[in-house]
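Protein chains: 2
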Amino acid sequence: MKKKSSETAILPAGFLAAGIHCGAKRKRKDLSLIYSEKPCTASALFTRNTVKAAPVIRGIAQIKRKASLRAVLVNSGNANCMTGERGLKDCEKMADSLAHELGLKAGEVFVSSTGIIGQYMNMKPILKGLKPLVESLSRSGVEDAADGIITTDGFRKISSRKFMIKGRQVTITGIAKGAGMIKPEMATMLAYIMTDAVIDKRTLDKTLSSATDISFNAITVDGDMSTNDTVLVMANGMAGNERISGAGVSAEVFRKNLAAVMEDLSGMIVRDGEGASKFIKVNITGARTHKDAKKVAESVADSLLVKCAIAGGDPNWGRIASSAGASGVKFDPGKMTIKLDNEVFFRKGKPVPGAKRINSPVFKGRDVKVEVDLAEGPGKAVFYSCDITTKYITLNSFYTT
Amino acid sequence: MKKKSSETAILPAGFLAAGIHCGAKRKRKDLSLIYSEKPCTASALFTRNTVKAAPVIRGIAQIKRKASLRAVLVNSGNANCMTGERGLKDCEKMADSLAHELGLKAGEVFVSSTGIIGQYMNMKPILKGLKPLVESLSRSGVEDAADGIITTDGFRKISSRKFMIKGRQVTITGIAKGAGMIKPEMATMLAYIMTDAVIDKRTLDKTLSSATDISFNAITVDGDMSTNDTVLVMANGMAGNERISGAGVSAEVFRKNLAAVMEDLSGMIVRDGEGASKFIKVNITGARTHKDAKKVAESVADSLLVKCAIAGGDPNWGRIASSAGASGVKFDPGKMTIKLDNEVFFRKGKPVPGAKRINSPVFKGRDVKVEVDLAEGPGKAVFYSCDITTKYITLNSFYTT
Chain A
2 MKKKSSETAI LPAGFLAAGI HCGAKRKRKD LSLIYSEKPC TASALFTRNT
52 VKAAPVIRGI AQIKRKASLR AVLVNSGNAN CMTGERGLKD CEKMADSLAH
102 ELGLKAGEVF VSSTGIIGQY MNMKPILKGL KPLVESLSRS GVEDAADGII
152 TTDGFRKISS RKFMIKGRQV TITGIAKGAG MIKPEMATML AYIMTDAVID
202 KRTLDKTLSS ATDISFNAIT VDGDMSTNDT VLVMANGMAG NERISGAGVS
252 AEVFRKNLAA VMEDLSGMIV RDGEGASKFI KVNITGARTH KDAKKVAESV
302 ADSLLVKCAI AGGDPNWGRI ASSAGASGVK FDPGKMTIKL DNEVFFRKGK
352 PVPGAKRINS PVFKGRDVKV EVDLAEGPGK AVFYSCDITT KYITLNSFYT
402 T
Chain B
2 MKKKSSETAI LPAGFLAAGI HCGAKRKRKD LSLIYSEKPC TASALFTRNT
52 VKAAPVIRGI AQIKRKASLR AVLVNSGNAN CMTGERGLKD CEKMADSLAH
102 ELGLKAGEVF VSSTGIIGQY MNMKPILKGL KPLVESLSRS GVEDAADGII
152 TTDGFRKISS RKFMIKGRQV TITGIAKGAG MIKPEMATML AYIMTDAVID
202 KRTLDKTLSS ATDISFNAIT VDGDMSTNDT VLVMANGMAG NERISGAGVS
252 AEVFRKNLAA VMEDLSGMIV RDGEGASKFI KVNITGARTH KDAKKVAESV
302 ADSLLVKCAI AGGDPNWGRI ASSAGASGVK FDPGKMTIKL DNEVFFRKGK
352 PVPGAKRINS PVFKGRDVKV EVDLAEGPGK AVFYSCDITT KYITLNSFYT
402 T
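So the protein lines, in turn, are chains A and B. Per the numbering used here, numbering through the first sequence is continuous, rising by one, with the last residue being 402. Per the numbering used here, numbering through the second sequence is continuous, rising by one, with the last residue being 402.
Incorrect hints may have been included.
Identical copies go unnamed one by one, so any copy, or any two together, can satisfy a pair.
As the list claims (entries may be wrong) - Restricting the straight-line Cα-Cα distance to at most 25 Å, the calculated cross-link-like pairs of lysine-lysine (DSS-like) are:
| id | residue 1 | residue 2 |
| --- | --- | --- |
| 1 | 351 | 26 |
| 2 | 28 | 336 |
| 3 | 90 | 351 |
| 4 | 125 | 340 |
| 5 | 90 | 336 |
| 6 | 202 | 28 |
| 7 | 163 | 30 |
| 8 | 365 | 392 |
| 9 | 296 | 257 |
| 10 | 167 | 392 |
| 11 | 90 | 331 |
| 12 | 349 | 282 |
| 13 | 67 | 28 |
Hints listed in this document are in silico derivations from the structure and should not be mistaken for laboratory results.
Chain A with its partners taken away, still in its complex shape:
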């Protein structure tokens, strides 16, 4: 199941990155930095959880006032959440101190935190780590940066695309962290996407929303939504392409490549779900609308009983039908068709004679497919999920994440 990113890590023009062990965590890298030589247009989406971590509260305000960004600082080990005024001050202090080190304004520094909730930050190792962190910035530091943001992840997550916009090469590169607590409702993990494209803020905002709908908002690991989830895109314009603005061919090319990077990253997050052994693609067709299809897809992808059945390789399609029905979306089960790994088990409202019996082994591969056609309309949606194994329970029962 564990799959290292096969992408070569290439940063877009003008970006540098670094990741070090500053000592907030016992061993692994715990402090990451992304730096751009030129100011970046930035768009971001944040968790919808009512309980928001200090850096999320700060980040929302920063993006709202359309700050242009030069650097992103991420610590792992402590989420700086439920830490009140002191948490906000600590977050501001991180931005200030890094800005000082880099000769920037604090408002140009974006901060994120991930790790345990409800403990005050141990600021000493972080502040002490800023100097060596800045000193180690390099074009090849993206892997270190990707390592520094992960917590319970099994592998680093990086994806890159190069493409042409009217004769100019543009690069998009993203890093992410995921594992437990992944749920749609926006963000639901950390992802930082860098590009050298020239693009206006409104177009970047719109593109990010649409790419999120089919990537980070179409995955689920355990149905929990975190307090720190953040997706940030920064564009520094150093590719020198003709400005991407509004709709049109260039915007569409950019959107496709941004979506591809984000789908790569969100796919890696699901594949790396805590304790997961299988990667599940839930494909819903024939719903009345896309919205209906997405609701059904999420309900199936999120069902604990479906995840258990798939972990056990059991074609228990009754659980799939039941979880589709539990979505609240209205459809006629008498028209439904259910296909698992290309074998039809239920066709137009009837169990298929001769289909494998419940408890026969199916889902033998690592990648499994669940397809449901509701035969009610043109709506369709895809959702990605992973199975749940005893390892997930053990990981989350005995270790604080």
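Position chain B relative to chain A; hints supplied.
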């Protein structure tokens, strides 16, 4: 964790019951019958799942036309769901055949099924079993009936209350099945409640709704909602009390006792959650409204990460705050207080100095308490849940339920 019902099984006047092994399942009892000497006023609530089993479709129509009932037939092993026209015919055939055996009309027989989804009924053993089932009807048959409706349950569930209505003794007795796939949104299991009270239909309907809100709709085991969930109350009037109608003291006494029986049964269902080792009471206070409080309570009670933390005895109150925030209800985390098993970990927006550290063992008993005060208003709600252990995953991965 397993706790046998300590109630003495007493049936209300005029009720008989039976439960036998007819052969639909390999070994355990699989066919149950409740019979009333006099016609019963009946109220019921059913699953809101779009995918409804054949007996649920039949039952909804029966209750809608205000049928008076004389008998309830329940088979376990097959849910008769996703079985189309043939399923509806099989269900009707069960009612017809039993009615014939008992000298009733088919419309006076209520039918339920529980078990696997998506397989046609094996009618032979059921139809053959009706004669011996009827022959074994007795006043003391309620335990057998309670045994005949369970599937993966660890113990039978029966609860009883005797009380006075204006000088007349009235009895309410209920049996239920639960275990996996328990989620609010109505019913979420099977429950049959018998009473000899004289009560009018409207008052019975209203009382059932209000008692369900604090019992079967306030529990969760794994967040899945079944296709067959049914709560049925039957009143045969044989206690001869002054008719209970509208509001007033008698209606309130009846409501309290019905709610007590239903709380007993729903509590047993949670305690018997598949693989569960702890019984969790989530108590939310200080929400703006009861509805808000219930949403927050459900979100906390349903969170996989919270359930895992409690299984491991870890006071990871950050997960509790996060799951409260994920409910979508708006509140100020800066005013929140979180108490676990009577120890305050977070008070009015601040971690409590000196509180047990995350990963210290808490939740040592079988019954654990999670209390959250939002300090936003008068709304409060209680939700019951159980922890999740590796045993749940094993049970549901390798056996079809």
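Hint-by-hint comparison with the structure:
{"no.": "1", "hint": "351 / 26", "verdict": "between (55 Å within a copy, 23 Å between copies)"}
{"no.": "2", "hint": "28 / 336", "verdict": "neither (55 Å within a copy, 35 Å between copies)"}
{"no.": "3", "hint": "90 / 351", "verdict": "between (61 Å within a copy, 14 Å between copies)"}
{"no.": "4", "hint": "125 / 340", "verdict": "neither (55 Å within a copy, 30 Å between copies)"}
{"no.": "5", "hint": "90 / 336", "verdict": "between (57 Å within a copy, 18 Å between copies)"}
{"no.": "6", "hint": "202 / 28", "verdict": "neither (39 Å within a copy, 68 Å between copies)"}
{"no.": "7", "hint": "163 / 30", "verdict": "neither (28 Å within a copy, 65 Å between copies)"}
{"no.": "8", "hint": "365 / 392", "verdict": "both (19 Å within a copy, 23 Å between copies)"}
{"no.": "9", "hint": "296 / 257", "verdict": "within (24 Å within a copy, 38 Å between copies)"}
{"no.": "10", "hint": "167 / 392", "verdict": "neither (49 Å within a copy, 58 Å between copies)"}
{"no.": "11", "hint": "90 / 331", "verdict": "between (49 Å within a copy, 24 Å between copies)"}
{"no.": "12", "hint": "349 / 282", "verdict": "within (21 Å within a copy, 43 Å between copies)"}
{"no.": "13", "hint": "67 / 28", "verdict": "neither (37 Å within a copy, 69 Å between copies)"}
Hint check: violations occur at hints 2, 4, 6, 7, 10, 13; the rest are consistent with the structure.
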